[in-house]
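Here is what each chain is made of, one letter per residue.
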Amino acid sequence: MLRPQLQYYSEEGKPFELRLVGKIKQQLSTDPTLHPEYPSSLGLREFTRKATEVALGKHSRAIVENQVLGVQTPGFTAAVRLGAELLRCWYDLSADWCGPVYLSSPCDDSLAGIFQAAGIQEIREYYYWDDKQRGICLERLLEDLESAPEHSVVVLSASAHYPTGADLSQSQWAVITRLITSRRLFPFLLLPTQALCCGDMERDAWPVQHCASLGMELLCAQSFSHCFGLYGEAVGHLLCVLKQNSVLLPVQSQADKIVRSLWARPSVGGAHVVTTVLSNSAHLVEWQGEVKHIVERCMLIRAILREKLRLLGTPGRWDHLTQQGGLFCCIGLNGEQVEFLSNRRRVYLLPGGCLNVSAINCRNLDYIAESIHLALTSSL
Amino acid sequence: MAPFSMSLFSDVPQAPPVAVFKLTADFREDTHPQKVNLGVGAYRTDDCQPWVLPVVKKVERLIVEDESLNHEYLPILGLPEFRSAASKVALGDDSPAIKENRVGGVQALGGTGALRIGAEFLRRWYNGVNNAATPVYVSAPTWENHNGVFADAGFKDIRPYHYWDAAQRGLDLTGFLDDLEKAPEYSIFVLHACAHNPTGTDPTQEEWKQIAEVMKRRKLYVFFDSAYQGFASGSLEKDAWAIRFFVSEGFELFIAQSFSKNFGLYNERVGNLTVVSKDNENLTRVLSQMEKIVRTTWSNPPSQGARIVSKTLNSPELFEEWKGNVKTMADRVLLMRDQLKAKLQALGTPGTWDHITQQIGMFSFTGLTPKQVEYMIKEKHVYLMASGRINMCGLTSKNIDYVAQSIHEAVTKVQ
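Chains A and B, in that order, give the protein sequences. Mapping to UniProt numbering: the first sequence position 357 is 357, numbers consecutive. Mapping to UniProt numbering: the second sequence position 167 is 167, numbers consecutive.
There could be a bad hint or two in this list.
Unchecked claim - Taking lysine-lysine and the BS3-like style, the derived pairs with C-alpha atoms no more than 27 Å apart in a straight line are:
#1 A:Lys23 x B:Lys57
#2 A:Lys14 x A:Lys257
#3 B:Lys22 x A:Lys257
#4 B:Lys343 x A:Lys257
#5 B:Lys343 x B:Lys398
#6 A:Lys257 x B:Lys156
#7 B:Lys327 x B:Lys58
#8 B:Lys35 x B:Lys398
#9 B:Lys88 x B:Lys343
#10 B:Lys278 x B:Lys219
#11 B:Lys58 x A:Lys23
#12 B:Lys209 x B:Lys292
#13 B:Lys292 x B:Lys341
#14 B:Lys209 x B:Lys88
In case anyone wonders, no lab produced these hints; they're calculated from the structure.
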């Protein structure tokens with residue numbers, strides 16, 4: 001029920017492939033230089049280089065000073081898992097570190113399981129989404145992180161928070177990074193839909209670049225499934241920014257060892273496509289155009305939905321619909337209301353009453369707006 | 001307390017390099033014109049190139065041109081038509097177990113991924129709940145990653161079982177059976193379905209029957225590693241004989257299948273964990289737990305390789321074409337085996353060389369000593385594993401004379 005809803009759906013209601021991606025796949029299938037050899041366990045070097053650049057920016061000091069490790073992984077979950085394994089095995093060795101890891105409330109419900117599968121049992125929450133405010137409650141978030149033990153790992157969404165769609169502003173990030181530094185916490189950033197939030201690769205990656213520019217050590221899990229429409233191809237990346245370049249090779253060798261007993265090496269197909277696009281300026285322009293179209297459609301849907309709810313006189317505030325960006329958005333319904341929607345109206349939401357904006361189109365918009373209205377106005 | 005400027009990874013030690021990759025790295029740096037790499041674990045043509053199977057090229061084109069294909073995430077357990085076709089190729093078209101609906105599959109990232117998911121499941125749910133103390137037996141020697149996979153899945157007690165008899169250059173059946181008899185009940189045994197890596201030495205059918213008898217009596221768990229079906233003898237049926245025999249004997253078992261070698265899809269990571277259960281009800285429950293394990297590992301497997309294999313296995317024409325391609329690879333290996341043995345005999349190289357043609361699959365345990373291996377690498381620029389393992393695919397009509405000559409020198413000059 002849930003997983004299929006995590007994709008971008010076109011206006012026709014289909015998960016679709018970017019035109020450019022289709023073209024490139026055709027090209028690659030006839031490329032005689034591509035050999036069916038085992039890739040290295042850390043993945044295709046050109047891919048990890050590009051993936052690192054889009055997250056940190058080409059001229060990032062960390063890249064220049066050789067303090068960055070990039071590992072291609074078979075998808076986003078695999079990137080988080082690898083990061084979790086690295087932390088459990090090798091983070092803060094002298095203190096025998098074994099947690100805790102802080103996750104936002106709410107968050108992707110598979111995250112806790114991934115850290116636990118890696119052997120970190122202690123998972124805690126920090127306050128994030130406030131139903132009443134229909135947004136992030138920074139005060140309570142800071143309270144929770146203030147009381148976190150030193151060297152705790154904090155998982156933060158860089159952009160397009162799943163499932164709420166509510167992101168921290170740059171000034172909020174400034175406050176949080178100050179706290180992370182003073183409390184000596186370790187940031188693990190999530191960047192699953194880069195470019196799909198604001199249509200701008202750089203803007204969506206700003207938090208990662210900001211943390212790196214402050215000299216922080218961090219992990220960042222990336223996915224290229226959404227922004228390239230490569231859902232079935234499992235194209236992920238784990239970025240590791242270190243404080244000293246002397247630590248790079250040891251950490252790399254240990255990451256290699258962990259990968260070898262998990263999946264040995266990643267699959268290459270999707271990574272070739274991504275690399276091809278990111279390495280060619282003409283392709284880049286074409287790709288950015290298609291992504292912009294996706295982003296604009298999502299923004300339009302948000303605006304129209306907000307307007308429909310206003311016209312229906314649906315109680316509550318709906319400004320947050322257009323203040324957020326990306327594929328997902330939290331409507332702010334309670335458990336009963338969510339059940340009403342699925343049982344009586346067959347409108348299925350993500351946990352916490354969040355929905356995939358792209359799944360709304362001109363054929364179902366009225367019905368959905370009406371359903372939300374009913375959920376909030378019928379006595380349940 | 002560490003100063004802020006210090007990395008919290010400062011105490012991380014450098015992990016030792018993996019022997020076979022280091023070998024390839026050394027080979028790459030070597031500038032000697034006659035260098036030969038007999039360490040690589042992949043198929044090479046007579047021109048020493050990787051080979052894209054013609055049927056794979058054809059199917060890739062079909063897939064790229066197929067407008068109807070959706071681009072959604074695959075289900076967590078993988079592409080359904082791939083899983084069923086993969087299990088069928090291992091167990092046979094008319095497998096009673098499949099007809100009884102007690103066979104399932106979990107698509108995985110290559111053979112390694114299949115082994116890992118199976119190992120994670122067994123550690124959580126076999127022989128009690130979360131019993132990390134269940135002994136896991138791997139052959140001596142075995143593919144060295146077996147140790148890593150089971151250890152990282154949480155098993156604390158990984159032990160060798162007798163397998164290779166260096167003196168006889170064959171299977172140490174007595175030692176093997178003895179270990180089976182002495183193993184604690186419910187121990188897990190990792191068996192190579194065919195083309196044992198690294199020795200190339202497989203039990204005969206009669207020997208498999210003896211092994212199965214003890215395993216059944218001692219209630220030992222069967223976990224097959226099947227990375228070379230079709231590639232070993234050129235016949236899918238023949239290479240799956242041991243698996244099918246065990247299933248017909250009523251064992252519940254796992255089979256970690258890899259399609260890297262027999263489809264040449266090394267870089268698309270196509271694997272399948274076949275699960276054979278007592279009945280459908282058990283199978284359903286097992287698969288539900290497998291799904292949970294996959295969800296926290298890679299969540300949704302990559303589709304490309306699975307689509308290629310699935311399309312091929314599920315189409316009678318393409319299936320025949322694929323079998324032909326596989327036979328081409330197997331035949332080249334068999335030819336190189338014949339020729340290497342013939343050349344060593346012609347050179348009068350001391351020792352017997354029958355094991356070269358008796359062994360099967362990609363690898364051969366030559367019997368060269370570590371000192372002789374060193375000579376081969378340093379003096380002759382012929383790269384092979386310290387164990388004396390060579391990859392027959394590294395041999396070509398162009399280098400086989402040089403390799404035979406090098407082995408001859410190593411054996412006669414170095415003790």
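Here's how the hints hold up against the structure:
1. The straight-line distance between the Cα atoms of Lys23 of chain A and Lys57 of chain B is roughly 17 Å, inside the 27 Å bound, and the hint therefore holds.
2. In summary, the hint linking Lys14 of chain A to Lys257 of chain A is not supported, as the alpha carbons are separated by about 39 Å, beyond the 27 Å threshold.
3. Straight-line distance between C-alpha atoms of Lys22 of chain B and Lys257 of chain A comes to about 14 Å, which keeps the hinted pair within the 27 Å bound.
4. Distance check on the hinted pair: Lys343 of chain B and Lys257 of chain A sit about 40 Å apart at the alpha-carbon level, beyond 27 Å; violated.
5. For a cut-off of 27 Å, the pair hint linking Lys343 of chain B to Lys398 of chain B stands: about 13 Å separates their Cα positions.
6. Using a Cα cut-off of 27 Å, the hinted pair Lys257 of chain A and Lys156 of chain B holds, with the two alpha carbons roughly 18 Å apart.
7. Straight-line distance between C-alpha atoms of Lys327 of chain B and Lys58 of chain B comes to about 18 Å, which keeps the hinted pair within the 27 Å bound.
8. As the CA atoms of Lys35 of chain B and Lys398 of chain B are separated by approximately 12 Å, the hinted pair is consistent with the 27 Å bound.
9. Distance hint between Lys88 of chain B and Lys343 of chain B is unfulfilled; the C-alpha atoms sit about 40 Å from each other, more than 27 Å.
10. About 14 Å separates the Cα atoms of Lys278 of chain B and Lys219 of chain B, which keeps this hinted pair within 27 Å; it holds.
11. About 18 Å separates the Cα atoms of Lys58 of chain B and Lys23 of chain A, which keeps this hinted pair within 27 Å; it holds.
12. Restraint check for Lys209 of chain B and Lys292 of chain B: not satisfied, since their Cα atoms lie roughly 35 Å apart, outside the 27 Å limit.
13. Distance restraint check for Lys292 of chain B and Lys341 of chain B: the Cα-Cα separation of roughly 50 Å exceeds the 27 Å cut-off, and the hinted pair is therefore not satisfied.
14. For the proposed pair Lys209 of chain B and Lys88 of chain B, the alpha carbon gap of about 22 Å is at most 27 Å, so the pair holds.
Figure legend: structure checked against the earlier numbered hints; hints not met, in rising order: 2, 4, 9, 12, 13.
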